[in-house]
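S.K.: Given these sequences and hints, build the entire structure.
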Amino acid sequence: MPPTSRAMGTVAMLKAAGIGTGDEVIVPAYGNVEVAEAVELAGARPVFADIDPDTYCLAPASVEAGVSAHTAAIIAVHRFGQPADVARLREIGGRRGLLVLEQGESEQPHDGLAERRAHAGYLNARLSGVRTPAGSERHTYQQYVVRVPGNGRPDRDAFAHAVRARGIDCRVPVKTPVHRLPRFRRDVALPETERAADETLALPVGATLSRRELHKVVSACNALGGLLQPAF
Numbered sequence: 212m213p214p215t216s217r218a219m220g221t222v223a224m225l226k227a228a229g230i231g232t233g234d235e236v237i238v239p240a241y242g243n244v245e246v247a248e249a250v251e252l253a254g255a256r257p258v259f260a261d262i263d264p265d266t267y268c269l270a271p272a273s274v275e276a277g278v279s280a281h282t283a284a285i286i287a288v289h290r291f292g293q294p295a296d297v298a299r300l301r302e303i304g305g306r307r308g309l310l311v312l313e314q315g316e317s318e319q320p321h322d323g324l325a326e327r328r329a330h331a332g333y334l335n336a337r338l339s340g341v342r343t344p345a346g347s348e349r350h351t352y353q354q355y356v357v358r359v360p361g362n363g364r365p366d367r368d369a370f371a372h373a374v375r376a377r378g379i380d381c382r383v384p385v386k387t388p389v390h391r392l393p394r395f396r397r398d399v400a401l402p403e404t405e406r407a408a409d410e411t412l413a414l415p416v417g418a419t420l421s422r423r424e425l426h427k428v429v430s431a432c433n434a435l436g437g438l439l440q441p442a443f
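Residue numbers (this note's numbering): 212 to 443.
Don't read these hints as lab results, they were simulated from the structure. All residues carry an ideal CB built from backbone N, CA and C; glycine is no exception. Do not rely on the hints blindly, as some may be mistaken.
Pairs of lysine to any residue, SDA-like flavour, derived with a Cα cap of 25 Å [to be verified]:
1. K427 with A369
2. K226 with F395
3. K386 with R422
4. K386 with A373
5. K386 with L412
6. K386 with G315
7. K386 with E405
Ranges between beta-carbon positions, derived for each pair [claimed, not checked]:
8. R397 with H372: 23 to 33 Å
9. A227 with D265: 30 to 40 Å
10. R382 with G220: 23 to 33 Å
11. D368 with A336: 21 to 31 Å
12. G308 with N335: 23 to 33 Å
13. L324 with D265: 13 to 23 Å
14. E251 with L324: 28 to 38 Å
15. R337 with A272: 27 to 37 Å
16. R349 with S279: 45 to 55 Å
M.R.: Written out as structure tokens, the structure reads:
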């Protein structure tokens, strides 16, 4: 597939900053591939850092650990409506002389934001069959992403299959981290990225959902919840 316009915009910003051959750019492996593709199209090498388990965005400590003499930039991606810790990343960038770019997964509509947050609050208070998202005042719930842990309990894929059988439209937000893909395969330890890819599931939270539809989501998940750890 050809690069998206947003990926080409990232390429243009990197090139405008003089970043290219011989440079490294730190990016998340949890998410879509277009950020790593943009780095390669600019002539640089993507270096993958781990994520914060609550926000699914770059973990500043992992980013700093990945900085080398060749690092030229950091690309922070805001994930699922949760903002990355840009202030901390800029502090790291300022000390290390690195460019820090921000990117969202897609344009976040402002219409329905209050409804999405209200629906997320409803689900947070009632779901017991999954681990609910870590909330924050800035979370816009572009996606409502829960965790379905393993450890002898039904895994995420089995849980998703069972929930879909109950009429709930759910989906796996990130099936394969970028560092596992053949083109970008790296021998790097990213435990939170791996865990998130194995456990996360996006449930409906759209602004147009009715209370009855939300209750159906709760009922379907909680019916399977006896084999799961309590939500927190």
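S.K.: For each hint, tell me whether it holds in the structure or not.
M.R.: We went through each hint and held it up to the structure:
Note on K427 and A369: the hinted pairing holds, with a Cα-Cα distance of about 19 Å set against a maximum of 25 Å. Of the supplied pair hints, the one linking K226 and F395 holds, its CA atoms being roughly 21 Å apart against a limit of 25 Å. Among the hinted pairs, K386 with R422 is inconsistent with the structure: their alpha-carbon atoms are about 30 Å apart, more than 25 Å. Straight-line distance between C-alpha atoms of K386 and A373 comes to about 18 Å, which keeps the hinted pair within the 25 Å bound.
A distance of roughly 10 Å separates the Cα atoms of K386 and L412; the hinted pair therefore holds under the 25 Å criterion. Only pairs whose Cα atoms come within 25 Å are accepted, and K386 paired with G315 is accepted, the gap being roughly 19 Å. Between the alpha carbons of K386 and E405 the distance comes to roughly 10 Å, so the proposed pair stays at or under 25 Å and holds. Checking the proposed 23 to 33 Å range against R397 and H372 shows it holds: the Cβ atoms sit about 31 Å from each other.
One distance hint, 30 to 40 Å for the beta-carbon pair A227 and D265, holds here, with the actual separation near 33 Å. About 26 Å separates the C-beta atoms of R382 and G220, a value consistent with the hinted range of 23 to 33 Å. In this structure the hint that D368 and A336 lie 21 to 31 Å apart at CB holds, the actual value being about 27 Å. For G308 paired with N335, a C-beta distance near 41 Å fails the hint of 23 to 33 Å.
Between L324 and D265 the C-beta distance comes to about 20 Å, which sits within the given range of 13 to 23 Å. Judged by the Cβ atoms, the range 28 to 38 Å given for E251 and L324 holds: they are separated by roughly 35 Å. Look at R337 against A272: about 34 Å separates their beta carbons, and that is inside 27 to 37 Å. With their beta carbons about 31 Å apart, R349 and S279 fall outside the hinted range of 45 to 55 Å.
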